[in-house]
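Spelled out from the first residue to the last, the chains are:
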Amino acid sequence: MLHGMTAPTIVSTTDLHRRYGEGPAAVDALAGVSVDIARGAFTAIMGASGSGKSTLMHLMAGLDTPTGGSVRLDGVEIADLDDKRLTELRRDRVGFVFQAFNLLPVLTAEENLVLPLTIAGRKPDAAWLESLIEAVGLGDRRTHRPSELSGGQQQRVAIARALVSKPAVVFADEPTGNLDSNASAEVLDLLRRAVDEFEQTVVMVTHDASAAAYADRLIVLADGRVAHDTVAGSADEILDVMKAVGP
Amino acid sequence: MKRVALRGLRARPLRTALTALAVVLGVAMIAGTYILTDTINRSFVDVFAQASSGTDVAIVPEKVDEDFFSDPPPLDQRLLRQVSKVDGVDSASGAIFGSVSIRKPDGTPVANESFVSALQPAPFEQFRFVEGRAPRAEDEIGLDQATFDDHGFKLGDRVKIVGEQGARSLELVGAARFGDISSPAGLPVAITTLPTAQSLSGREGELDGISVSAADGLSPALLRGRVRGALRGEPVAVRTGSEDAAAQAADLEEDFGFLRTALLVFGGIALFVGAFVIYNTFSITVAQRTRELALLRMIGATRRQVLRSVVLEAAVIGLIASLLGLLGGLALVPALRGLLGAIGAELPSTASVIATRTIVVALLVGVVVTVIASLVPALRATRIAPIAALRDGLTAAPRAGRARLVIALLLCVAGAVVVAIGLLGDASAGSAAATLGAGSVAVFLGVALFSPQLVRPIASIVGAPMERLAGVSGRLARENATRNPARTAVTAAALMVGVALVVFVTIFAAGLQGSIDRAVDRAFAGDLTVGAKSGFGETPPAVAAAVRRVQGVGAVSSVRFTEGRIAKEKSTTQVVGIDPRTIARTYKLRWKQGSDRTLARLGTDGILADTGYSKSARIGDRVPMLTPAGKRVTYVIRGLLDEGSEFGLLGGGLVIPNERLAADFDATDDAFVFLRYAPGADGAQVRDAIDRTLAQSFPDAQTRDREQVKEQQAGQINQVLYLIYALLALSLIVSLFGIVNTLALSIFERTRELGLLRAVGMSRRQVKRIVRLEAVITSLIGALLGLVLGVLFALAISRPLEADGFRLTFPVGTLVALVIGAALAGMLASLWPARRAARLDVLRALAYE
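From first to last, the protein sequence lines stand for chains A and B. Residues in the first sequence are numbered consecutively from 1, following the working numbering. Residues in the second sequence are numbered consecutively from 248, following the working numbering.
Certain hints may be false.
What the hints assert, rightly or not - With beta-carbon atoms standing in for the labels, derived distance ranges:
(1) B:V1089 / A:A25: 20 to 26 Å
(2) B:E1000 / A:A25: 25 to 31 Å
(3) B:I619 / A:R192: 51 to 57 Å
Keep in mind that the hints were calculated from the coordinates and are not lab data. Ideal Cβ placement from N, Cα and C applies to all residues, glycine included.
From just these sequences and the hints, can you work out the full model?
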């Protein structure tokens, strides 16, 4: 466990490029992005549609392969990994939350929660599991199927799952996109607590300024490049930044 | 991961059930076959054991040749006295067991096959009379209890028995149980005194066997040795009682082997079709679960874990299918028995025997087939990229890779080559059939792999009239069918297999029928034939004699069939017996070398050879032969016939005068009696007279004119044809399930789309029509592919048979009816899915995620 345990940067990308297609019709989703994600911080990535924000996250998480540049996650050069190692990485050191369809419909909330551990063939630490379930507020819902949970509750289960293996970083792709303002607030609170109380690193892609306001740092992309990289302020300040960056 | 797989199956019970059904029918057929043949076997084995339970040593006629169909000649009765004198013999008794027809009080036969058994003294006799008494006089008879009870016989009735010599009427004096049961293996048996039994089965002065009991303290094995010594040089086999029972059981096992294999093949075909359906279902469900599987990969499941999960699902479905199939097999047994009974194979009905082997095979087969069929989709599942969890929308239809087409073509070509080897090679019937089977499987797989390419063109052809007639529904149906050609093609391919086989046998049977019709037309020079009612049987010589005496009958000519063994030949040679003096007046022989005048010059050892026997035979050749009667004879070829190349009734072997058949072969029964009216006689009157004579003394014989002869042959062919249809029906049903499955799954997939259509104004009926037409398009694709393949197979097999006079005819009407039937079947399959589609709640469908 020597890799990057105490280093301040947990994920870093160097001159990342991602091109789709060939020749004159090619599209550069990312055209040279270098960012360093700080350990123990809540980072929000924003940008207009087509700015490359989702692509950046996919590449950081090892879900996609860059056409240029490199990604280093928790001390490991992702490009060096074969499918098996990459899978293990995702299982043990990365947590995911997406906008929708996070859970397997045939499993209960609790089973969904411990799924990464089950896949690894490991049993969860009972105390840790209990505190996690309590933290996300799903004590009385643990045996329910996803179809019996509200959107917000489903997202909370997803967050708990992302945290259960105590990963190096949690990636969240528009986690509040499908939720009303109450549920959104609950979810964002949880993510904030994950960073503050559980010392997690969270990277969240969002288009919602009030969601980004929960974060410590804001990265804005435009046309496949970093347009802005600062401390995240209030929702209004963030809106101003977005306006400045352009449509 | 295991939990995910199992929960997934449980969450969708209907889908799981439908998928399992694809394999259930195939397993049921296989299980049913084993249960049926094991049951029959067991009941006969029990009978054999029971029959020899009182016998220490049994003496039976020695087999003349392993391959002869005919029974060896019976034992001479004088052997009984010789045996009785052997030291250590306590008692010895002669046994007769022959075929007769027992008539019910109303005159119809009790069963297709009945038997007569001579009463033996204790300890040999196994029939115990429970009503009345055992027969003592020559005109008395007993019946097995089952026959007695089932057909309303009463003690004192006069029972009509039709045997070798004609019909006899005997007084019923008792009903007996065979050991513990009311009849041996469910077969009807008449019990008479020895002389009566001998006369009824035409074995005066002869015995079918001798049963011997040993003196106290003497072992059967020792006595066997002594009896063997005493009968040295006689054509007998001497065995202990238990050895005899075992030998009979072994013979039976051989006979049933063929039947069992044939039925298993049909079960195999149903499984093969089932595999197509499983493959398709898993392909579709894997595609539908892309997001779920991608999610698992995202969270960290390895490829192998995903593979194991899908394969586990398949294994569980296979297990369910096997268990249901076992039950289904039990249910299928009476149906199979009925089917076989319809073509005249009378099979006993006793409690079903479910051997361990049957259970193991059923379980193995169901699981293995399902797992293998699911492998390719499972592998495809492992290739789902984790990132697919984040993407919305349906997966695009996989494009046909170059590799796929190449493999398809290779399979077709390889399969065709193997089929050719099977047809033209010189192998035995068994391995030729296996080669043909393997080649056909390869061709089917190859065509199935290639068929996605054909979906669009065929769908356009078939869909154009549909669009014309059904408007937008037709158009959408066609689009849907072509949206994922691979999926449509595999569903259609399942139907293709069954249709191809049905088309093949139909064309083949039509060709056979046509060839036989032509042969009869060409050669039939008489007015009538007289033969057994059942068509496969023979008539005793008394029939020909009786017919000859009828007023107005001119020429009468008997034809007999038997066999002989020529040294160094691989199989036995067919022998046809004719009456050289009269045959030419009733039958037009086809000569290669010689003429009708040759018949007069045959003498005592002259015979004719047909091209079917050997193409290199020459006049003057000497033919040494072993006959079923055990005699070694040598004949000289004096003429060459060409019957065999035109399906001639007399073709295929050697043609020998009936006098020789009687003397050397012990063959006195006639297969046909050809006759011609005397010049100037009134045909109708003469026929009436003959019919009356037969009804009185030979109720098992019947007159037929030329058209009726053709009808009878057609009837026999059709019987087998319908049996094959019934057995293939199983595979067709499986493929229809496949259509139901595919439709239901794709409707589920298109829920949002259908909701949209309904929201925009399409009526429920129109939605139903779309689904129905899709099913029709799919089944028509399958039917057309099957039609083409079936025709190709028929063409292939007709080549080597052309030399024997087989000409292909295409029963166009039947074939068109088949295609229409397929379309109707498709409509039937679509009923339930269509209703489901129409019942979609619009709002829920639109909100469907």
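Status of each hint after checking the structure:
1. B:V1089 / A:A25: 20 to 26 Å: Roughly 39 Å apart at Cβ, these two residues miss the hinted range, so it is violated.
2. B:E1000 / A:A25: 25 to 31 Å: 29 Å, holds
3. B:I619 / A:R192: 51 to 57 Å: 52 Å Cβ-Cβ, so the 51 to 57 Å window holds.
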